[in-house]
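In this note's numbering, the protein residues as written are 1 to 146.
It should be emphasised that the hints constitute simulated quantities derived from the structure, not laboratory data.
No residue lacks a Cβ here, since even glycine has one placed at the ideal position from N, Cα and C.
Please note that a few of the clues may not be correct.
With a straight-line Cα cutoff of 20 Å, these simulated SDA-like cross-link-like pairs (lysine to any residue) come out [to be verified]:
| no. | residue 1 | residue 2 |
| --- | --- | --- |
| 1 | 102 | 68 |
| 2 | 102 | 53 |
| 3 | 135 | 123 |
| 4 | 112 | 69 |
| 5 | 102 | 70 |
| 6 | 15 | 29 |
| 7 | 50 | 60 |
| 8 | 102 | 72 |
| 9 | 112 | 101 |
| 10 | 135 | 54 |
| 11 | 102 | 71 |
| 12 | 112 | 67 |
| 13 | 112 | 72 |
| 14 | 112 | 70 |
| 15 | 112 | 127 |
| 16 | 112 | 65 |
| 17 | 135 | 124 |
| 18 | 112 | 71 |
| 19 | 102 | 112 |
| 20 | 136 | 124 |
| 21 | 136 | 54 |
| 22 | 136 | 126 |
| 23 | 14 | 25 |
| 24 | 102 | 67 |
| 25 | 112 | 98 |
| 26 | 102 | 66 |
| 27 | 102 | 65 |
| 28 | 112 | 50 |
| 29 | 39 | 28 |
| 30 | 135 | 119 |
| 31 | 102 | 125 |
| 32 | 136 | 125 |
| 33 | 39 | 29 |
| 34 | 135 | 53 |
| 35 | 112 | 64 |
| 36 | 112 | 53 |
Have a look at the derived ranges for each label pair, beta carbon to beta carbon [claimed, not checked]:
| no. | residue 1 | residue 2 | range |
| --- | --- | --- | --- |
| 37 | 48 | 14 | 15 to 23 Å |
| 38 | 53 | 9 | 53 to 61 Å |
| 39 | 121 | 98 | 24 to 32 Å |
| 40 | 117 | 60 | 36 to 44 Å |
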Amino acid sequence: MDKNNAHIEDDFLKKLISLPEDEKLPNDFTRKVMVGLPKVAVAPVEAKRKIDLRIIGLIAAVSITAIFIFFNFDFSGIFKAAAENPENNPVKYLNLLTSISKSFSDGFSGIKISSISITAIIALASLYFADIFFKKWFNQNHTEAI
Numbered sequence: 001m002d003k004n005n006a007h008i009e010d011d012f013l014k015k016l017i018s019l020p021e022d023e024k025l026p027n028d029f030t031r032k033v034m035v036g037l038p039k040v041a042v043a044p045v046e047a048k049r050k051i052d053l054r055i056i057g058l059i060a061a062v063s064i065t066a067i068f069i070f071f072n073f074d075f076s077g078i079f080k081a082a083a084e085n086p087e088n089n090p091v092k093y094l095n096l097l098t099s100i101s102k103s104f105s106d107g108f109s110g111i112k113i114s115s116i117s118i119t120a121i122i123a124l125a126s127l128y129f130a131d132i133f134f135k136k137w138f139n140q141n142h143t144e145a146i
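Can you build the whole structure from these sequences, using the hints too?
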């Protein structure tokens, strides 16, 4: 009796499932069937990234900017200027604008960047955008030439 059918307790089912020796499949049956099937070329499939690296960079930049603004900017002057005059007075809006500009200038006053650092940042940004431009330009001209 087959060892695959050993767990079946019903004799009738065992008789139905078990195959006699003359009906058993040869050992290389699967290989013969697979050789007879036509070969299909399978192209490799690239797994797509679930989140683009640009989106991750944008989220990180926005988060760092929000944290920087939260800890370095004083918003009390803005709220005070907004709550000073209850009626629609143009002076109120000028005070609010002055308070906002003072808050921004105070918030960014702690950042010190040397001229060499600014030059390096501008050079790297220029190279990055030039690279993007030339890649698109060469790819576009390459497809037109073909």
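These are the hints, each one checked on the structure:
1. 102 to 68: Roughly 16 Å separates the two Cα atoms, so the pair holds.
2. 102 to 53: 35 Å, violated
3. 135 to 123: Holds - the C-alpha atoms of residue 123 and residue 135 are around 18 Å apart, at most 20 Å.
4. 112 to 69: 16 Å, holds
5. 102 to 70: Within the cut-off at roughly 15 Å; holds.
6. 15 to 29: At roughly 23 Å apart (the allowed maximum being 20 Å), residue 29 and residue 15 break the hint.
7. 50 to 60: It holds: about 17 Å lies between the C-alpha atoms, which stays within 20 Å.
8. 102 to 72: 12 Å, holds
9. 112 to 101: 19 Å, holds
10. 135 to 54: Judged against 20 Å, a Cα distance of about 18 Å means the pair holds.
11. 102 to 71: The given pair, whose Cα atoms are some 15 Å apart, holds under the 20 Å limit.
12. 112 to 67: 18 Å, holds
13. 112 to 72: 14 Å, holds
14. 112 to 70: 19 Å, holds
15. 112 to 127: Distance ~24 Å between residue 112 and residue 127 Cα, so the pair is violated.
16. 112 to 65: Since the Cα atoms of residue 112 and residue 65 sit roughly 16 Å apart, the hinted pair holds (cutoff 20 Å).
17. 135 to 124: Within the cut-off at roughly 16 Å; holds.
18. 112 to 71: 17 Å, holds
19. 102 to 112: 18 Å, holds
20. 136 to 124: The given pair, whose Cα atoms are some 19 Å apart, holds under the 20 Å limit.
21. 136 to 54: 18 Å, holds
22. 136 to 126: 16 Å, holds
23. 14 to 25: Cα-Cα ~18 Å, so holds.
24. 102 to 67: 19 Å, holds
25. 112 to 98: 23 Å, violated
26. 102 to 66: 18 Å, holds
27. 102 to 65: 18 Å, holds
28. 112 to 50: Not OK: residue 112 and residue 50 at ~38 Å, beyond 20 Å, violated.
29. 39 to 28: At roughly 19 Å apart (the allowed maximum being 20 Å), residue 28 and residue 39 satisfy the hint.
30. 135 to 119: 24 Å, violated
31. 102 to 125: Given that 20 Å is the threshold and the Cα spacing comes to 29 Å, the pair is violated.
32. 136 to 125: 17 Å, holds
33. 39 to 29: 18 Å, holds
34. 135 to 53: 19 Å, holds
35. 112 to 64: With a Cα-Cα distance of about 17 Å, the restraint between residue 112 and residue 64 holds, given a limit of 20 Å.
36. 112 to 53: Given that 20 Å is the threshold and the Cα spacing comes to 29 Å, the pair is violated.
37. 48 to 14: 15 to 23 Å: 50 Å, violated
38. 53 to 9: 53 to 61 Å: 59 Å, holds
39. 121 to 98: 24 to 32 Å: Once the Cβ atoms are compared, 30 Å apart, the range 24 to 32 Å for residue 98 and residue 121 holds.
40. 117 to 60: 36 to 44 Å: 20 Å, violated
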